[in-house]
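Colleague: If you want the building blocks of each chain, they are given just below.
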Amino acid sequence: MYTQALDIPQKDADERGPRAVESPAYEAEFNARIDAGEFIEPKDWMPEKYRKTLIRQISQHAHSEIVGMLPEGNWITRAPSLKRKAILLAKVQDEGGHGLYLYAAAETLGVSRDELYEALLSGKAKYSSIFNYPTLNWADIGVIGWLVDGAAIMNQIPLCKCSYGPYARAMIRVCKEESFHQRQGYDALLQMMKGTAGQREMVQDAVNRWWWPSIMMFGPHDKDSIHVESARWGIKRISNDDLRQKFVDATVKQAEVLGVTLPDPDLKWNAERGHYDFGAIDWDEFWSVVKGDGQCNVDRIAARRKAWDDGAWVREAALAFAEKQAAREKVAA
Amino acid sequence: MASKQEHTEYVLRIGDNALILGQRLSEWCGHAPVLEEDMALANMALDLIGQARMLLTHAGQLEGAGRDEDQLAFLRTEAHYRNLTLCELPNEDFARTVVRNFLFSSFQVLLWARLSGSTDAELAAIAAKSLKEARYHQQHAGDWVIRLGDGTAESHRRSQVALDYLWPYTAELFAPAPSDDKVVAAGIGPAWPSLEADWEAQVVPVLNEATLTVPARTPFKSFGKFGRHSEHMGHLLATMQIMQRTYPGARW
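Sequence order for the protein chains is A and B.
Here the first sequence stands for residues 1 to 333, where the numbers follow the working numbering.
Here the second sequence stands for residues 1001 to 1252, where the numbers follow the working numbering.
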């Protein structure tokens, strides 16, 4: 998954890592390469702010992947069939893999995975707010695939062409897997909608809870969102509102096929615009979840923190063993 | 000649091991000590659930009563599960998890190798595919057992505690099951006691390299493979079965 088209500044911007020499000549050359649509690679000169923006965005994306394992992981042990259990396990494993590629992409910018991880656990770094909503019934797993992964794909496809090579290449693979997840989620919902009244009720309940948070994933309206530099640098290629509209237009028809009602009385086709109109987004809710007051913000970080703390002795042991091995090899040699 | 029931039960013993340990390992997802292990444990859980699907489907066909993999996985009562008690014990910590994976996957490697020559062609095909997976699980868990056993004082202590706890349950792996005699005679699969010497030959050197003390055998006995489980099993099943029990007859 899952970018959130919102660039949230970290409380104390990271001042470490290799510092670029700022030079107008280099910058002009850099801008020319961006304009020519070339990829910027790790060894290339880049403006310091470009590097920091990317570290922040890629690490927020990586954190979103691994925090995103939790709400879905919540249902693995209760999956209703062995086939669905296997699909969900594979999906959550993919999210972990996306986290790994993305941490590796961020590391090419001169920052370590441990530093990034510490920023997540201390609350300095953010992750996609969508994962601060709870998964309350089995249909949530299908709806996350359909809507949340669907929104993530809309956000992420433009990133496959973003200017930073390692990020763009990671996103190509991530998007392929995400689109598979989206189809699996939709398929699970189709099966449930063909089933019993109890199953259909679960699907509608899940759609009611996830619809608005999903369209919030595209971030604030363009008029309230400043992405001038990201757009200039080829990191942000399509605006939040354009992506959101594209998502709504694609999703309404899918909801009809599924037979669910999207919980927005203002949702209707506007022939003049050639798009669906939709109701006002509750930005108070969005910002309160971003700022830490969502239902699961505390639990999500507590779960990641517990896994990290409980695993400390394992990581120490692995390190101690590696050192012993190295010492033994030295003696043997 | 083995009866349909005896043949089915033998396959269920193997399938239920994979199902129940797969369920246990999947509890780790998102909670492992490092991201790489989150992925590795989920991957092994996925392999085991995959094995369980093939084996339970096969058992259902042998039984001939129209039960599919899900009916067998989710709708039996506790006493009808035939897994080893070892597989249902709680994960506790990463040490117990990898020590158990090592003890169990070493058993699976030997079992799959023998079953790949089974007179039951379907079982032989499943075994050939699963052997590759079990070898990887054994390698992964064995590496961790050595790393933790020979790591820090704390990791050594935890690994020894885990081994001392789990070891008595390994006696059940090799306990004879008289109801399997005809299955063995028909060349469907090995007799359980026949795997013990090879298992010890694979397991003990790794435990020694890990600087762990191999516990002595005690009179302790467990009986999961005969349907008499530990107190942990009911809770595992309550979680695993909840959707099928709450929505009877629904298709997913």
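The set of hints was computed from the structure by calculation and includes no laboratory data.
Errors might be hidden in some of the hints.
With a straight-line Cα cutoff of 25 Å, these simulated PhoX-like cross-link-like pairs (lysine-lysine) come out [what the hints assert, rightly or not]:
no., chain 1, residue 1, chain 2, residue 2
1, A, Lys83, B, Lys1132
2, A, Lys223, A, Lys176
3, A, Lys49, A, Lys83
4, A, Lys194, A, Lys52
5, A, Lys176, A, Lys253
6, A, Lys83, B, Lys1129
Computed footprint of chain B on chain A, listed as stretches where at least three residues anywhere in the stretch have a Cβ under 8 Å from a Cβ of chain B [unchecked claim]:
no., region
7, 96 to 110
8, 180 to 192
9, 253 to 259
From the three backbone atoms N, C-alpha and C, an ideal C-beta is built for every residue, glycine too.
Colleague: Hint check: lysine 83 (chain A) vs lysine 1132 (chain B), CA-CA at most 25 Å. Holds or violated?
Modeller: holds, 21 Å
Colleague: Can you confirm whether the C-alpha distance between lysine 176 (chain A) and lysine 253 (chain A) stays at or below 25 Å?
Modeller: Answer holds: lysine 176 (chain A) to lysine 253 (chain A) is near 22 Å, not above 25 Å.
Colleague: For the pair supplied as a hint, lysine 194 (chain A) and lysine 52 (chain A), confirm whether the alpha-carbon distance does not exceed 25 Å.
Modeller: Roughly 49 Å between the alpha carbons, so the hint for lysine 194 (chain A) and lysine 52 (chain A) is violated.
Colleague: Verify the coverage statement for the region 180 to 192 of chain A against chain B, using a C-beta to C-beta distance below 8 Å and requiring 3 or more qualifying residues.
Modeller: holds (count 3)
Colleague: Examine the region 96 to 110 of chain A: at least three residues should have C-beta closer than 8 Å to a C-beta of chain B.
Modeller: holds (count 5)
Colleague: Given the hinted pair lysine 83 (chain A) and lysine 1129 (chain B), is their alpha-carbon gap at most 25 Å?
Modeller: Holds. Lysine 83 (chain A) to lysine 1129 (chain B) sits at ~18 Å (cutoff 25 Å).
Colleague: If you look at each residue in the region 253 to 259 of chain A, do at least three have a Cβ nearer than 8 Å to any Cβ of chain B?
Modeller: violated (count 0)
Colleague: Is the Cα-Cα distance between lysine 223 (chain A) and lysine 176 (chain A) 25 Å or less?
Modeller: Violated, at about 31 Å.
Colleague: Would the hint linking lysine 49 (chain A) and lysine 83 (chain A) be met if the CA-CA limit is 25 Å?
Modeller: violated, 47 Å
Comparing the model with each earlier hint shows violations of hints 2, 3, 4, 9; every other hint is respected.
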